[in-house]
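Going line by line, the protein sequences match chains S and F.
Numbering-wise, our numbering puts 51 at position 51 of the first sequence, and it's gapless, one number per residue.
Numbering-wise, our numbering puts 76 at position 76 of the second sequence, and it's gapless, one number per residue.
Incorrect hints may appear among the rest.
[As the list claims (entries may be wrong)] 25 Å max Cα-Cα, derived BS3-like pairs, lysine-lysine:
hint	chain 1	residue 1	chain 2	residue 2
1	F	Lys42	S	Lys9
2	F	Lys57	S	Lys98
3	S	Lys9	S	Lys40
4	F	Lys5	S	Lys38
FYI, nobody ran anything at the bench for these hints, they're computed from the structure.
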Amino acid sequence: DTEVTQTPKHLVMGMTNKKSLKCEQHMGHRAMYWYKQKAKKPPELMFVYSYEKLSINESVPSRFSPECPNSSLLNLHLHALQPEDSALYLCASSPRDKIYNEQFFGPGTRLTVL
Amino acid sequence: QQQVKQSPQSLIVQKGGISIINCAYENTAFDYFPWYQQFPGKGPALLIAIRPDVSEKKEGRFTISFNKSAKQFSLHIMDSQPGDSATYFCAANEETSGSRLTFGEGTQLTVNP
Numbered sequence: 001d002t003e004v005t006q007t008p009k010h011l012v013m014g015m016t017n018k019k020s021l022k023c024e025q026h027m028g029h030r031a032m033y034w035y036k037q038k039a040k041k042p043p044e045l046m047f048v049y050s051y052e053k054l055s056i057n058e059s060v061p062s063r064f065s066p067e068c069p070n071s072s073l074l075n076l077h078l079h080a081l082q083p084e085d086s087a088l089y090l091c092a093s094s095p096r097d098k099i100y101n102e103q104f105f106g107p108g109t110r111l112t113v114l
Numbered sequence: 001q002q003q004v005k006q007s008p009q010s011l012i013v014q015k016g017g018i019s020i021i022n023c024a025y026e027n028t029a030f031d032y033f034p035w036y037q038q039f040p041g042k043g044p045a046l047l048i049a050i051r052p053d054v055s056e057k058k059e060g061r062f063t064i065s066f067n068k069s070a071k072q073f074s075l076h077i078m079d080s081q082p083g084d085s086a087t088y089f090c091a092a093n094e095e096t097s098g099s100r101l102t103f104g105e106g107t108q109l110t111v112n113p
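Only chain F is shown next, with the shape it has when bound in the complex (with noise of 0.2 Å):
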């Protein structure tokens, strides 16, 4: 039972635009929200991360939001760059796992130039 749906599966953005990916969870113990970022050839990175006890963070270009009622949570990211290209992952963790992650399924993005 996959546990954190991500979606879309791609996403094509121009220089400058938005770019948004989604995540929605099922098990309401998850207690912390990470995103990373992975390019080709290298290990996921930690991007940004948020726990529930805010609806929103923010670091430069990258923005989380988080809706703890409907149990979703969102990345966007502001004036995307070509530099951005990459697959995005979310993930989710609860206190009893130590610090297991849940992943989502992963999100290509694509910025063109």
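Pulled out of the complex, with its shape left as it was, chain S reads as follows (with noise of 0.2 Å):
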């Protein structure tokens, strides 16, 4: 299984709503991590978990928090987002949090606040 799934696929949430994102990944992958990707943009690193630890957090906004249950599951948790926060959200493994480990992306979930 060489796939990265993310589910739903789209999600619309209100201002004070809360709503998970879920990715899993089953190549043993001990590095995971979420992206966020506005149209016509790059992704955007958000956070990386390394062997179920968090290692980085690029200054991401309190309203979203990770959490790895196993080394094949990620979530992010979104509670109280604002409509700028409507994006595209990546997850993606590596073998390792290290230089020269191909990422496979997920398809991504939709998300739109209203």
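Fit the two chains together into the complex; they arrive one by one in their own frames, and the hints show the way.
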């Protein structure tokens, strides 16, 4: 299995809602990532987990809360988002959190905040 | 400060032609230069990557050319096909930042039949 899966594909939420994005991989990768991608822009790194521990937080607002329950799963909990948070949220994984490691991206969750 | 500059922003090529996308970087500590391809509604996928100890790497119709002294690298797509129509991102990585990638702004390639 060489796939990163993400659910849901699409999500519409109000500014007072709480929702979660889910990501799963079964490639035995020990590094997992959350990216945010706006239309016609490159992905922006948000968080990196290495061996289930948070290793990088790119100064992301606390309304985004990541969680890595085990080596195959990555969640992103959302609360009190703003309309400008609407974007494609991409999950990725790589064998290790090291240079030369290919990152495998999921198809993303298209988030709309009303 | 944008550390990887990519051009052109968009590119239209006829089927069978050569597509060329260029990237320039400033950080001399960058040590790994991947190219990602992204189709609409999909996540990016690694296309080809190069390290600065070689000046060229070829995989099928895709070639990376690397000029360390000029701090530039480029992607050439030979015999471009309509199925190559996608957004292409160059990226760079340095060892001290782990797997953190610095992306270029992207090039939207359209290959006309």
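So, going through the hints one by one against the coordinates:
Of the supplied pair hints, the one linking Lys42 of chain F and Lys9 of chain S holds, its CA atoms being roughly 11 Å apart against a limit of 25 Å. For the hint linking Lys57 of chain F to Lys98 of chain S, the alpha-carbon distance of about 22 Å falls within 25 Å, and the restraint holds. A distance of roughly 19 Å separates the Cα atoms of Lys9 of chain S and Lys40 of chain S; the hinted pair therefore holds under the 25 Å criterion. In summary, the hint linking Lys5 of chain F to Lys38 of chain S is supported, as the alpha carbons are separated by about 18 Å, within the 25 Å threshold.
Violated hints: none; the structure is consistent with every hint.
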